[in-house]
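Here the protein sequences line up with chains U and Z, keeping their order. Using our numbering, the letters of the first sequence map in sequence onto residues 1 to 86. Using our numbering, the letters of the second sequence map in sequence onto residues 1001 to 1294.
Keep in mind that the hints were calculated from the coordinates and are not lab data. Hints may contain errors.
Unchecked claim - Listed next, the in silico DSS-like pairs over lysine-lysine satisfying Cα-Cα at most 27 angstroms (straight line):
no., chain 1, residue 1, chain 2, residue 2
1, U, Lys73, Z, Lys1227
2, Z, Lys1112, U, Lys55
3, U, Lys73, Z, Lys1112
4, U, Lys54, Z, Lys1246
Here is what each chain is made of, one letter per residue.
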Amino acid sequence: MNSAEIKDSIHELITEIAEDADVEQEKITDDAHFIKDMGLDSMALLEVLATMEKKFGVTIPETEFPNITTINKCAATVEKYLAQKK
Amino acid sequence: MGLSEFLQSPELLRFARTARPGAFREKLVARAHEWFSGHPEEREALRSNCRTLGLSDAPAALDILQHHLALHYYEKLLPLCGTPAAYHEYMQSHVDAEEAVSGIRRHLTKDKAVLLVGSHFGAVELIVPVLAMHRIPVTPVLRFRSDEFSRAAHDRAAQMAASGLFSSVNFIEIGKPDTPAALAMSAVLRRREVLLTMVDEKTEYSTPVSLLGRRVWGGAGIDRLLKFTPAPTTVQTVFMVRDGEKYRLESHEVSADAAMVQRIFSMIEQMVLMHPEQWYFLHEEIPFVIDEPH
Chain U
1 MNSAEIKDSI HELITEIAED ADVEQEKITD DAHFIKDMGL DSMALLEVLA
51 TMEKKFGVTI PETEFPNITT INKCAATVEK YLAQKK
Chain Z
1001 MGLSEFLQSP ELLRFARTAR PGAFREKLVA RAHEWFSGHP EEREALRSNC
1051 RTLGLSDAPA ALDILQHHLA LHYYEKLLPL CGTPAAYHEY MQSHVDAEEA
1101 VSGIRRHLTK DKAVLLVGSH FGAVELIVPV LAMHRIPVTP VLRFRSDEFS
1151 RAAHDRAAQM AASGLFSSVN FIEIGKPDTP AALAMSAVLR RREVLLTMVD
1201 EKTEYSTPVS LLGRRVWGGA GIDRLLKFTP APTTVQTVFM VRDGEKYRLE
1251 SHEVSADAAM VQRIFSMIEQ MVLMHPEQWY FLHEEIPFVI DEPH
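Build out the structure end to end from the sequences listed, making use of the hints.
Next comes the structure, spelled out in structure tokens:
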């Protein structure tokens, strides 16, 4: 899976979670902050983390949790741990 | 001024710093009774909650309830009395936690996390220090009324850890803007440590459950926390039961299945029926789902 595919996949995931949380579609951008810009709460962030781990088959360590803030940062984090698996 | 603020007046806090626990308890209980006599509406609120939930609202029962509410604040402020060593000695001589601690430790040694679920019952304020005294790596989830209380709690925990008699305690503070509490809670479980959280306050993720014949909001999202946390976790209820001037930590394991939150509330119900005077939630606004009995 390349970078663009990872980002698309995470974008899709965030869109689903954001829809459940009634976040307006236009607020969902690659650099929008999940809490500050999109209004998601910490439980939604946990769902993002758990779903990414499951979907990409990676374990994201606690030190990376502060990066669960935007689609771009999530994609970079997933990419880093996918690369380590190889 | 509410009871909490009244009992945490600068004068009482100063007194706590120099008093022996027994003297502080006596003074604080007397002040609480003084506050209740000036606030008949509070007794009325207690009466109303008791009546709604089918608990005794006889004057003697309400007197005992008020007394236990005072004890709640005593337990909360107790660490201020004397040194960490004195507090440690008090806990050792007053709290029986051996069985519960052994149970928790057993799960930790099997590389499992432990999610302790508490409620507004009994001497809940003593649970964390007792576990820290037994070197259990516990992280409580809580909400401080103000930044001042938050700082004071952190300072106190640091002093207790510095004494070498208690392990260090980290807090997860909920309700702070930009604080990803759920991620922090999950991290504790992923580290295979102990997380203590209250489940009888209403949050966005609470679900309707039965309690004493009524529907209330419960769980505070622990089912979602477990669903999204890939760590083997044992769920246990914890109750610090007052027994005269002593305390007993009771812990019961709960299966983490779809009926978990209701099962936890059935255990809370059992404890409330056995010790209604110790359920200080009767002093609060109980989060009923609907007003009619189901």
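Hint check:
no. : hint                : result
1   : Lys73/U - Lys1227/Z : holds (24 angstroms)
2   : Lys1112/Z - Lys55/U : holds (24 angstroms)
3   : Lys73/U - Lys1112/Z : violated (30 angstroms)
4   : Lys54/U - Lys1246/Z : violated (47 angstroms)
Of the numbered hints stated above, those contradicted by the structure are hints 3 and 4, listed in ascending order.
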